[in-house]
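Going by our numbering, the sequence shown opens with residue 4, and the numbers climb by one from there.
Simulated from the structure, these hints should not be mistaken for laboratory data. Please note that the accuracy of each hint is not assured.
What the hints assert, rightly or not - Have a look at the derived ranges for each label pair, beta carbon to beta carbon:
#1 Arg32 x Leu54: 20 to 30 Å
#2 Arg82 x Arg154: 18 to 28 Å
#3 Leu136 x Ala47: 25 to 35 Å
#4 Ala47 x Glu6: 46 to 56 Å
#5 Ala201 x Ala71: 37 to 47 Å
#6 Gln131 x Asp84: 40 to 50 Å
#7 Leu143 x Ala31: 37 to 47 Å
#8 Gly48 x Arg139: 44 to 54 Å
#9 Ala206 x Glu35: 25 to 35 Å
#10 Gly80 x Arg196: 46 to 56 Å
#11 Arg192 x Gln24: 43 to 53 Å
Think of the CB as a built atom: it goes at the ideal place given N, C-alpha and C, for glycine as much as any other residue.
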Amino acid sequence: MPELVFFSGTMDCGKSTLALQIEHNRSARGLEGMIFARDDRAGAGKLSSRLGLVTEAIEVADELDFYAHLVDHLSQGGRADYVIVDEAQFLAPEQIDQLARVVDDLGLDVFAFGITTDFRTKLFPGSQRLVELADRIEVLQVEALCWCGARATHNARTVGGHMVVEGAQVVVGDVNQAPDEVGYEVLCRRHHRRRMTAAAAHASALSPDVLPLDGDTVGTLERS
């Protein structure tokens with residue numbers, strides 16, 4: 004049976020690489036897919052990975068109706084055996100509904116790739132709808148690592164190496180950006196809560212095991 008599958012994980016865990024691998028494996032068996040992407044690091048109309056692999060894709064606009072697009076493509080004699088959608092967290096909930104309809108009414112497998120939560124640890128609307136509708140959710144097993152070596156579970160937005168928690172939910176950026184640009188860094192939950200990026204840790208020369216103390220705690224320790 005065709006499925007809507009959501010492959011999720013933090014940034015830097017290989018989602019786009021897996022999308023390209025699925026495309027390679029299926030096309031090598033004579034199947035033809037339709038690939039969609041949005042705000043890819045390589046530019047519009049591209050699906051790329053940090054390993055340097057890239058392929059052509061259809062850029063997803065806000066007004067794109069996936070179901071209508073597929074129906075139009077097939078009715079004009081085009082072929083589509085499966086659908087791949089990268090950066091699915093940026094899709095509107097109604098576009099996720101359209102992908103579910105592609106599976107149910109057109110009988111095509113849909114593989115959606117994206118991160119689940121934003122830099123504030125809040126669900127992206129597109130990811131939330133995928134969690135609600137997907138036939139299967141696959142958490143990628145290639146673990147991204149926090150600067151401290153622990154498993155990274157949260158995405159942090161940085162400006163000048165400092166973590167920020169205010170701003171629009173969607174701001175295009177990537178890991179390893181220039182220091183003065185908006186960038187992203189993956190952190191473990193502990194260091195995300197402390198807003199401790201790699202740059203901040205290096206600047207402060209603190210051990211990852213040093214706990215931050217508030218004023219009440221310091222007063223209590225002094226009295227004891």
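Here's how the hints hold up against the structure:
no.: 1; hint: Arg32 x Leu54: 20 to 30 Å; in the structure: 22 Å, holds
no.: 2; hint: Arg82 x Arg154: 18 to 28 Å; in the structure: 41 Å, violated
no.: 3; hint: Leu136 x Ala47: 25 to 35 Å; in the structure: 27 Å, holds
no.: 4; hint: Ala47 x Glu6: 46 to 56 Å; in the structure: 28 Å, violated
no.: 5; hint: Ala201 x Ala71: 37 to 47 Å; in the structure: 45 Å, holds
no.: 6; hint: Gln131 x Asp84: 40 to 50 Å; in the structure: 28 Å, violated
no.: 7; hint: Leu143 x Ala31: 37 to 47 Å; in the structure: 22 Å, violated
no.: 8; hint: Gly48 x Arg139: 44 to 54 Å; in the structure: 28 Å, violated
no.: 9; hint: Ala206 x Glu35: 25 to 35 Å; in the structure: 51 Å, violated
no.: 10; hint: Gly80 x Arg196: 46 to 56 Å; in the structure: 54 Å, holds
no.: 11; hint: Arg192 x Gln24: 43 to 53 Å; in the structure: 29 Å, violated
Consistency with the previously given hints fails for numbers 2, 4, 6, 7, 8, 9 and 11, ordered from lowest to highest.
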